[in-house]
Amino acid sequence: LPPGYVEATVIPEGARNIRVEEVAEANNYLAIKSNKDKYYLNGGWYIQWSGDYQAAGTIIHYHRDGNKESFKAVGPLKEPLHIMLLFQSHNPGVNIEFTVPNENATDLRQPVFFWKYLDWTHCTLSCGGGKRYQRSEVVCAEKEAGLVDEVNCNRTTKPDDMQKTCNVHMCPAKWWVGPWQHCSSSCGTGVHQRTVLCIRTMGPDNQVALDDHECSKIPKPNEQDACHRKNPCPKPQWEAGPWSACSVTCGNGTQIRSVQCPDGVICNLETRPPSVQPCQHGPCWKWVSGPWGKCTANCGSGTQIRSVQCVDIATLKAASGCISEPRPTYHRECNTHKCKSTKCKFNHNAITLTL
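At position 151 of the sequence shown the residue is numbered 151 (the UniProt record's numbering), and the sequence of numbers has no breaks.
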């Protein structure tokens, strides 16, 4: 057979105690549809979960365990049900059981329908006063057949849900842990923190914070921990400051700057930038004066001269760069005192010169 839906049988209207089960596991699926081709279960190549489904006035209890399926229903059916098989591979077989009323029987029992509470659900809280609820869906049951469709019971007599308090004892103190915050580092290894509080649950939506000693019997979760980024951090680099002014205004000097590694990091000494470097502001010149020469006169204002030369300080050779500095004088007056007068006396015998 090609893959697709194949009809296995038709269960007639009024049938009860229906049970359909695959003989063994197979890659096929049970399906149910009405006379009008409306699928109640696993139609349109859509496979449903195990659960309860309404069909033909009863509840179908569908169960799938691996690749083996079954379903059952109490009935009675309000319409015929077509049992289909969504065929995909070899079919090991399907067991189908149901009962139908004996039309010739004269002592048919009249069904007795009533509303039934199911078992209590679990308490919503384990302590601190929760609410325990009856199942919200009150079900319709028949005295002998069990659960049936709600249409069989009188809706005007359907009871309300019941609830009661439970586990009213005080909750023990416990640690509440918040989410981890962002890592302190964008690369490599850092630290992230979270909030850890000692609390007590007082009700469904009420919690109070306590002193940490109230939770002293329970190990406190870590408030911080190492966090690791996928991208490694780049190797630490030396930080160099700006160069200082040259130590001289001319000639050869030096400049210095600060070179340091960031706090808490060890840098590679082999890659340390220099902290001192030479600097040069061009040659230095100065005027060099020689000693004063001999005065040209003993009195009456003579003149002295000396050599004045521009030289390179480094080489002491003559240069021409001193034009910006005033040139020292190379001559000056000397012996400016008056000369003594000379008197001559004549006689007949000699001439006397008196100074």
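One or more of the hints may lead you astray.
Taking lysine to aspartate or glutamate and the DMTMM-like style, the derived pairs with C-alpha atoms no more than 25 Å apart in a straight line are [claimed, not checked]:
#: 1; residue 1: K36; residue 2: E79
#: 2; residue 1: K68; residue 2: D119
#: 3; residue 1: K158; residue 2: D205
#: 4; residue 1: K78; residue 2: E150
#: 5; residue 1: K143; residue 2: E79
#: 6; residue 1: K33; residue 2: D52
#: 7; residue 1: K217; residue 2: E239
#: 8; residue 1: K36; residue 2: E13
#: 9; residue 1: K286; residue 2: E270
#: 10; residue 1: K38; residue 2: E150
#: 11; residue 1: K78; residue 2: E13
#: 12; residue 1: K116; residue 2: E7
#: 13; residue 1: K78; residue 2: E144
#: 14; residue 1: K78; residue 2: D119
#: 15; residue 1: K174; residue 2: D161
#: 16; residue 1: K294; residue 2: E270
#: 17; residue 1: K116; residue 2: D161
#: 18; residue 1: K164; residue 2: D212
#: 19; residue 1: K72; residue 2: D160
#: 20; residue 1: K143; residue 2: D52
#: 21; residue 1: K72; residue 2: E25
#: 22; residue 1: K317; residue 2: E270
#: 23; residue 1: K174; residue 2: D212
#: 24; residue 1: K78; residue 2: E97
#: 25; residue 1: K33; residue 2: E97
#: 26; residue 1: K68; residue 2: E21
#: 27; residue 1: K338; residue 2: D312
#: 28; residue 1: K340; residue 2: E325
#: 29; residue 1: K143; residue 2: D161
#: 30; residue 1: K33; residue 2: E7
#: 31; residue 1: K38; residue 2: E21
#: 32; residue 1: K158; residue 2: E144
#: 33; residue 1: K235; residue 2: E270
Simulated DEER-style distance windows between Cβ atoms [stated by the list, open to error]:
#: 34; residue 1: C339; residue 2: S307; range: 53 to 61 Å
#: 35; residue 1: G251; residue 2: N298; range: 28 to 36 Å
#: 36; residue 1: T157; residue 2: Q54; range: 19 to 27 Å
#: 37; residue 1: P92; residue 2: V196; range: 45 to 53 Å
#: 38; residue 1: V100; residue 2: Q54; range: 19 to 27 Å
Hints in this document: simulated from the structure, not taken from any laboratory. Even for Gly, the Cβ is constructed at its ideal location relative to N, Cα and C.
>> I'd like to know which numbered hints this structure contradicts. Please list them from smallest to largest.
In response: Of the numbered hints given earlier, those the structure breaks are 2, 3, 7, 9, 12, 14, 15, 16, 18, 19, 22, 27, 28, 34, 35 and 37, listed in rising order.
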